[in-house]
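**Q** Letter by letter, the chains look like this.
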Amino acid sequence: MLLIKKYLFCSAILLSINPICAAELQDGCEPAVDAADRLNSNTNKNCDYSNTGLNGVLHRALSKKNEAGAETVIEKEPSKALSKEQGNKEPADKEKTVGMNSSTISSSKKDLAYTLKGEFSSAQQLASVRYELVRKATQECVKGFAIDGEHYLPVSAELMKLELSFHCL
Amino acid sequence: MKKALLPLIVASILPAAAFADVVVYGKANVSFQATDKSGASYTEVVSNASRIGLKGSDAINDDLKVIYQFEYQTKVDDGSNSQTCAATSTSTTTAPAATTKTTTSCTVSGQTFSQRNIYVGLKGNGGTVMAGMFDTPVKLAQEKIDLFNDLIGDFTEVLEGENRVKNVVQYSSPTFSNITLNAAYINSEHDVLDATDGYSASAVYSTKPVYLAIGMDHNAKLASDKKASAVDVDLIRAVARFTMGPVVLGAMYETYDDSKIDEDGFLVSLQYNIDDKWAVKGQVAQSDMKMIGGESTSVGVDYKLSKATKLYGFYTMIEDDIARDDDHLGVGIEMNF
Chain S
1 MLLIKKYLFC SAILLSINPI CAAELQDGCE PAVDAADRLN SNTNKNCDYS NTGLNGVLHR
61 ALSKKNEAGA ETVIEKEPSK ALSKEQGNKE PADKEKTVGM NSSTISSSKK DLAYTLKGEF
121 SSAQQLASVR YELVRKATQE CVKGFAIDGE HYLPVSAELM KLELSFHCL
Chain Y
1 MKKALLPLIV ASILPAAAFA DVVVYGKANV SFQATDKSGA SYTEVVSNAS RIGLKGSDAI
61 NDDLKVIYQF EYQTKVDDGS NSQTCAATST STTTAPAATT KTTTSCTVSG QTFSQRNIYV
121 GLKGNGGTVM AGMFDTPVKL AQEKIDLFND LIGDFTEVLE GENRVKNVVQ YSSPTFSNIT
181 LNAAYINSEH DVLDATDGYS ASAVYSTKPV YLAIGMDHNA KLASDKKASA VDVDLIRAVA
241 RFTMGPVVLG AMYETYDDSK IDEDGFLVSL QYNIDDKWAV KGQVAQSDMK MIGGESTSVG
301 VDYKLSKATK LYGFYTMIED DIARDDDHLG VGIEMNF
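If you read the sequences in order, they're chains S and Y.
Residue numbers are given in the numbering used here: position 42 of the first sequence equals residue 42, and the series is strictly consecutive.
Residue numbers are given in the numbering used here: position 66 of the second sequence equals residue 66, and the series is strictly consecutive.
Just chain Y, same shape as in the assembly (with noise of 0.2 Å):
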């Protein structure tokens, strides 16, 4: 497309007046792996949580404004969000044993975007209601320490506790000494038995040097799901950032309790920026909470272009106690528009 298409089809689009408070935003993030996963080695292009959105506010007075943002992932290496997997079992009786064969097949659906934070609100000197499908306060609480977010080195491989929910109403306080209360409840919408409705909430002191958070789940990711359960499942997370000049330290630490498994998990992270355009990063990640033993290890250098577009290059490996040791090696580019 010629880049002049664009503006010109959004403006046409958008009246004038609404549009000088709207802001259009946008991610890529592709990056180029070689994993060696279970025994099978490949290489493969992989798009990072690419995404495109739109936010925006409308005053209504002094003290009150309408928010809004809608916001959508897109998948920049094969243009699909979508994929659907099937298992079929086929069964035979010969002797001298009996043996069950499964197959797995997956579809990609071609649909181009997947919903990401979506919401609307209003924010007022009292503070900031909005409704919609968004990230908890517990899963915003990790702010920036996880240095390979959206990557393979996500720390989403081994803790719980990144949920972004649906149908689920949150008011944040406003931000007094540095300090920000939020509080969100997520509906199931349905009444059934064990349904249950969940809630999520943190208390965040952030200031540049030091950033500190605590928050906690409960039934989060069963409301969002509309799951009914007799059990409950609770989560707290504590996390600690600290910038010391080119030093930048992280630590997380959670708890993580469904009545099946009753498991705590941590994540160390250290960045280093070497200048204004190069910096070096390593992280590990363990919990028992996906995966008995589950570690995972990364370290990886950035480069920045510009601005808005760095290159980058990460190792991770990722293991348990079982079977798994997958390793991934990669190099890519996000930019950020």
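Okay, chain S solo, but in the shape it has when bound (with noise of 0.2 Å):
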């Protein structure tokens, strides 16, 4: 009976943490337990296992972490002023729906171009980072923004760098 509930106890762990580790494998790919067994063979080399089982808990946490390391990286200084025709551009459509008031807005803003940068190493990293810079350059710009312009400039070998260039609207 003792042996009975320990292995009803044994099982009850294994089904509790199954859904943390249920696998989620492109068809034709083995478990990587499985793969792994095969000793770095060429059969299942082009199957991803960066979100199967814990494996895929794993990277999830660490690209949280990744996102928060992302803000450090973050850099924003005016670039340079924007001539006057580009800085006093605004839709008057969009002016006369929304009922904006084009003297409320900075214009030192206005007149400013900004330059966000981030720095990444994956492609979840950039999408972290992009989206981090987007944030950002909201803050700035109360009433929205307008990129002018969108560069990717390497660091390393590992590393790059994402440089977006805006202005307030």
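I should point out that these hints are in silico values taken from the structure, not numbers from a laboratory.
Keep in mind that a hint or two might mislead.
[Claimed, not checked] Every beta carbon over 12 Å from chain S, so not counted as near; a handful from chain Y, in silico:
no.: 1; residue: Tyr25
no.: 2; residue: Thr128
no.: 3; residue: Met130
no.: 4; residue: Ala195
no.: 5; residue: His218
no.: 6; residue: Ala230
no.: 7; residue: Val284
no.: 8; residue: Gly293
no.: 9; residue: Ala308
no.: 10; residue: Met317
no.: 11; residue: Met335
[What the hints assert, rightly or not] Not everything, but these chain Y residues come out facing chain S in the computed CB check (under 8 Å):
no.: 12; residue: Val24
no.: 13; residue: Lys55
no.: 14; residue: Val280
[To be verified] Have a look at the derived ranges for each label pair, beta carbon to beta carbon:
no.: 15; chain 1: S; residue 1: Gln139; chain 2: Y; residue 2: Ser114; range: 49 to 57 Å
no.: 16; chain 1: S; residue 1: Tyr152; chain 2: Y; residue 2: Gly127; range: 29 to 37 Å
no.: 17; chain 1: Y; residue 1: Asp78; chain 2: S; residue 2: Gln139; range: 54 to 62 Å
no.: 18; chain 1: Y; residue 1: Ser306; chain 2: S; residue 2: Gln139; range: 41 to 49 Å
no.: 19; chain 1: S; residue 1: Arg60; chain 2: Y; residue 2: Gly126; range: 53 to 61 Å
no.: 20; chain 1: S; residue 1: Ala127; chain 2: Y; residue 2: Gln115; range: 34 to 42 Å
no.: 21; chain 1: Y; residue 1: Met244; chain 2: S; residue 2: Arg60; range: 37 to 45 Å
no.: 22; chain 1: Y; residue 1: Ser173; chain 2: S; residue 2: Asp148; range: 28 to 36 Å
no.: 23; chain 1: Y; residue 1: Asn125; chain 2: S; residue 2: Tyr152; range: 36 to 44 Å
no.: 24; chain 1: S; residue 1: Asp148; chain 2: Y; residue 2: Gln115; range: 52 to 60 Å
Cβ atoms here follow ideal geometry from the backbone N, Cα and C, with glycine treated the same way.
Make one complex out of these two single chains by using the hints.
**A** Next comes the structure, spelled out in structure tokens:
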């Protein structure tokens, strides 16, 4: 009876953590543990395990850590003053539609172009950094902004930098 | 442990950039068995090669990358991977006849993890070179024809050749026309009389419907165990697997010669996948390599709870021509993560 209870307890533990370990494999790909048994053979070489099982949980946790880290390398600097024409340009229709009073917009912000920079080393980080840059631009320009340029620059073999240039509307 | 703690612990240790190409994986396999062995009957909970590991790669350039794998076995049932046994004998000279009584006592050391396949290597267009401690090409040639692998019905009870060797360097060719060649050199690491290095090699043809492999070992286990021997140990293994719709048929034939015994053996396995969840299977292995008249017969059923988890049941009979007649009836759960 004690052994039956022991076995049921072990099974309950395994089944309780099954939801976090459910594989989401592509067709034709075996579980990572079985692929590992083959000792790095060419079978499964096109399989992506980054979102499967415990590995997926760890990758998602690390992605959140990377997102938190991405904020620390975002730089903001006023780049150049926009031409008067660029700074004062506003869609007349939009102004009428939303009742905007252009005079309430800071003329200094309208006249300045900003550049936000963020570094990334993976596709997930790029999406996260780009989102953070857009979010910071929105915080800077309460009435919205327009992107003037988006530049991708190499920093090192593993690291790239995104420079987002924009001006407030 | 709360499920949130494990990823945070690992994530905090590994640098973010390095973790991108790392795969953490594992398997938990536990069975509850009723065993009838040598006249003794008992029930037991068995951890069947449960393990955890990580593997990954790091690109050096477009054509070359470093590969690595670290894998450890753990005992899910009693948390201990190491057991040492010592025999003690006591003799009496009391009339009418002297007697000797031998007692064997085993101590469980409590070690949680033991080493499985661990290697580091380079993989490029010209093939793969790796070094460490891992399964020989002959052992890997079995592919998945052993339908009761890691359970009591594993054919290793009857057949030789299931070696995970130490101090090994291996080259694997690129795969051309579904064919891969593997050659491993096992270092005995000492220069004494009759000490000998070993090797293991295989040629594999692998597709989904058809798998064929042939391999040979020469002193592989001797070299790994650093044992000196005046005689050589040779093993040749041939494997075939055919998948025809829901039916998977496997067969293996091997010869073993260590100058004391020169025997052959075989295994035949059959699995029928009833649907996406249910499968029934059976397997027979026979050889005189380990036991005179050794035979292992198993039947079983699998039920897939999900892609990662299955429940299974089995009945295994292991017997020989002398005295062994063991029966094992079990149910278990296997979860891949």
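**Q** Please go over all the hints and tell whether each is borne out by the structure.
**A** Comparing the hints with the structure gives:
{"no.": "1", "hint": "Tyr25", "result": "violated (4 Å)"}
{"no.": "2", "hint": "Thr128", "result": "violated (6 Å)"}
{"no.": "3", "hint": "Met130", "result": "violated (7 Å)"}
{"no.": "4", "hint": "Ala195", "result": "holds (27 Å)"}
{"no.": "5", "hint": "His218", "result": "holds (20 Å)"}
{"no.": "6", "hint": "Ala230", "result": "holds (32 Å)"}
{"no.": "7", "hint": "Val284", "result": "holds (23 Å)"}
{"no.": "8", "hint": "Gly293", "result": "holds (31 Å)"}
{"no.": "9", "hint": "Ala308", "result": "violated (4 Å)"}
{"no.": "10", "hint": "Met317", "result": "holds (22 Å)"}
{"no.": "11", "hint": "Met335", "result": "violated (5 Å)"}
{"no.": "12", "hint": "Val24", "result": "holds (5 Å)"}
{"no.": "13", "hint": "Lys55", "result": "holds (6 Å)"}
{"no.": "14", "hint": "Val280", "result": "violated (21 Å)"}
{"no.": "15", "hint": "S:Gln139 x Y:Ser114: 49 to 57 Å", "result": "holds (54 Å)"}
{"no.": "16", "hint": "S:Tyr152 x Y:Gly127: 29 to 37 Å", "result": "holds (35 Å)"}
{"no.": "17", "hint": "Y:Asp78 x S:Gln139: 54 to 62 Å", "result": "holds (57 Å)"}
{"no.": "18", "hint": "Y:Ser306 x S:Gln139: 41 to 49 Å", "result": "holds (43 Å)"}
{"no.": "19", "hint": "S:Arg60 x Y:Gly126: 53 to 61 Å", "result": "violated (36 Å)"}
{"no.": "20", "hint": "S:Ala127 x Y:Gln115: 34 to 42 Å", "result": "holds (39 Å)"}
{"no.": "21", "hint": "Y:Met244 x S:Arg60: 37 to 45 Å", "result": "holds (40 Å)"}
{"no.": "22", "hint": "Y:Ser173 x S:Asp148: 28 to 36 Å", "result": "violated (53 Å)"}
{"no.": "23", "hint": "Y:Asn125 x S:Tyr152: 36 to 44 Å", "result": "violated (29 Å)"}
{"no.": "24", "hint": "S:Asp148 x Y:Gln115: 52 to 60 Å", "result": "holds (57 Å)"}
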